[in-house]
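Starting from the known structure of chain W, arrange chain P on it as the hints suggest.
Number of protein chains: 2
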Amino acid sequence: MCKKKCQVFSSLKTVCLSGVLMMPVIGVAADSPPDVEWQVGPRTVPVPAGASAMIQKTLAEGGQPSIQARLSEIPSSDEAARALVAKRDKKNSEKAQALAKRMNVKVEEDTIKGVKVFWMTPDEIAPEFQNSLFVQIHGGAYVVGAGMASTPGGIVVANTAKIKAMSIDYRMPPDHPFPAAVDDVVAVYKQLLKKYSHKKIAIGGGSAGGGLSLASVHKMKALGLKTPAAIIAGTPWADLTKTSDSLYTLEGIDRALVTYDGPLAAAAQAYANGHDMKDPLISPVYGDFSDFPPTHLVTGTRDLFLSDTARTHRALRKAGAIADLTVFEGISHGEHLSIFGSPESQEYLAEVAEFLKRYLN
Amino acid sequence: MCKKKCQVFSSLKTVCLSGVLMMPVIGVAADSPPDVEWQVGPRTVPVPAGASAMIQKTLAEGGQPSIQARLSEIPSSDEAARALVAKRDKKNSEKAQALAKRMNVKVEEDTIKGVKVFWMTPDEIAPEFQNSLFVQIHGGAYVVGAGMASTPGGIVVANTAKIKAMSIDYRMPPDHPFPAAVDDVVAVYKQLLKKYSHKKIAIGGGSAGGGLSLASVHKMKALGLKTPAAIIAGTPWADLTKTSDSLYTLEGIDRALVTYDGPLAAAAQAYANGHDMKDPLISPVYGDFSDFPPTHLVTGTRDLFLSDTARTHRALRKAGAIADLTVFEGISHGEHLSIFGSPESQEYLAEVAEFLKRYLN
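Residue numbers (our numbering), protein chains in the order written: chain W, 184 to 544; chain P, 184 to 544.
Bound conformation, chain W alone (with noise of 0.2 Å):
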């Protein structure tokens, strides 16, 4: 990449921070992508009138985000790093427990095979879901979203799609870095087989969760397990090495995630722990999809993550399996969910309630 940053704003006039000017440089090397840089302008971006009134409402009313901000929030140490991630964990937490009460899922905490997990039984089982499971796999980085603050994800479609469901509290960074979050996940996915038939059981979940969903799939496949019947992946962390257009093209404009640099790309850092971060197991948008089960993605037009979940998507096709792609207007990372109780949130939900029903049965 080009070492010097300058900026060409609209063809206007020419401003270089470094005093420099660079011309784009073509230099392809082999198998690497050709040396060559944008500068693009900066632009005004209004609130998006294609999103619902709620999305526009949080928009206008939230601010717009600071990359410089989110730049100076990386922890100065691993013990800050855990204080930071035990106060938002309890705050989560908190909010879980309201959450629960409120959908009227009951939460029970178990350990399977050393793994810490969480049991979600919706106060009503539809007929169909007599049977089935769907596994929730927490998103936070890998770095954040433990214990309790596991479980809004699987409360919500236990809720909706009148299934039960289990999140699994898979171990993270710095203490446990990956494979540990992978084998966690398998191995608790090993004791459910003795329970459950797989074509009976749905993992999934979003950003890192939906990664590690997927990547725990690989994992299945290569020790010759039968994999679940169904994937839900909401904007999955599908390449955890800054690769996807939308990290550079939507920087500064989702709000969620703001820029790949900072937080996210330490907590990448702290997951891969040296591996390649290349490693399917680990990016799993680079693995084999073939004989994948039917896979659900959603995403939204400012979600940094927009590129993951459409590579994703065309990985699945191109290996012929069932893939089913989303994306909403004006959303930003994770908002499907996350700003709750929106249109949005309310349709996709009943999407996923949906593919459940079809591909659990």
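I should point out that these hints are in silico values taken from the structure, not numbers from a laboratory.
Quantities reported herein were computed from a predicted structural model and do not represent experimental measurements.
Fair warning: there could be bad hints in the mix.
Derived list of chain P stretches under chain W, where covered just means 3 residues or more per stretch with a C-beta under 8 Å from a C-beta of chain W [as the list claims (entries may be wrong)]:
no. : stretch
1   : 237-251
2   : 430-443
3   : 461-467
Glycine included, each C-beta is placed from N, C-alpha and C at the ideal position.
The following block gives chain P in isolation, referenced to the frame of chain W:
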């Protein structure tokens, strides 16, 4: 919208071209989106390593699009527009002739109800398509693509899916603005219904052709006609107003369209010719999609019409229709076909053939 434009560059420094720094202003009018704009700083966009090597090469060699250059491309008069279009269509007609020859597709001109059409017969028709027809609606922002220049999209589908196709050379502005194009498509379709079962007809095209396909189906519904069995909407211009999120987020990044302002906005004005641009027969995304046929949609992560395509997909789904969305990595508007021979175009055409096989039977 805010009248003054200011740029905040990654929070590093503030520049205001108009001399006045505007903070986001919240002023929500009834039924209007909140009057808030983000000024998003410049970004450095490399060649997308997740796209095919062929797409990467064309991006590296093609140079960065210039918004200013595109803005200057508006013809100064109707006469100038006619001359420009005639020149472009002549060149593209010659290319289409060569394409038809190379693909062994026989092209025959005909007139149906006063509308010029082109029949396209491949050298081999698949057994399942013996009585089927793909009706190709060309793109070109409702202002270019007349005559033989209207045929390439039909030629490649005829060749790869092994299906007979027809291109409707609908009338266009400045001489024939809306509703001439819709009227022509529907007039031809009504005649086709005398020869073909509606269950054996698919309709589709790219850009304006995708939008016009969708608008024509709205019109067919309004007339009580039986609708086609499938729609192939390639990055449809489904909203001629400047509403879609990606018109803002991807401005200057889509190297095909570059910006909504300029020739595209001028074409929208010329086509609508004073009619309400939110009329579903002009901007089909605003229509009622109930009872719509299965629709295949494609776009790219750099496509200015990413949002038009995604919003159409959601509108179809909300109405209960079958809708299938694909987003190609690093692809600008229309490049899923226009960079012909790329792996992306091959994947796309194979999917279109599959989609037609599934729904024309």
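Inset, instruction - Given that the stretch 461-467 of chain P was listed as covered by chain W, double-check it with a C-beta distance under 8 Å for 3 or more residues. - result: n = 0 at 8 Å, threshold three: violated.
Inset, instruction - Report holds or violated for chain W covering the stretch 237-251 of chain P, Cβ cut-off 8 Å, minimum 3 residues. - result: Contact hint for the stretch 237-251 of chain P vs chain W: holds, 10 residues under 8 Å.
Inset, instruction - Examine the stretch 430-443 of chain P: at least three residues should have C-beta closer than 8 Å to a C-beta of chain W. - result: Coverage by chain W holds for the stretch 430-443 of chain P (6 residues, Cβ < 8 Å).
Hint 3 alone, counting from the list given before, is not met by this structure.
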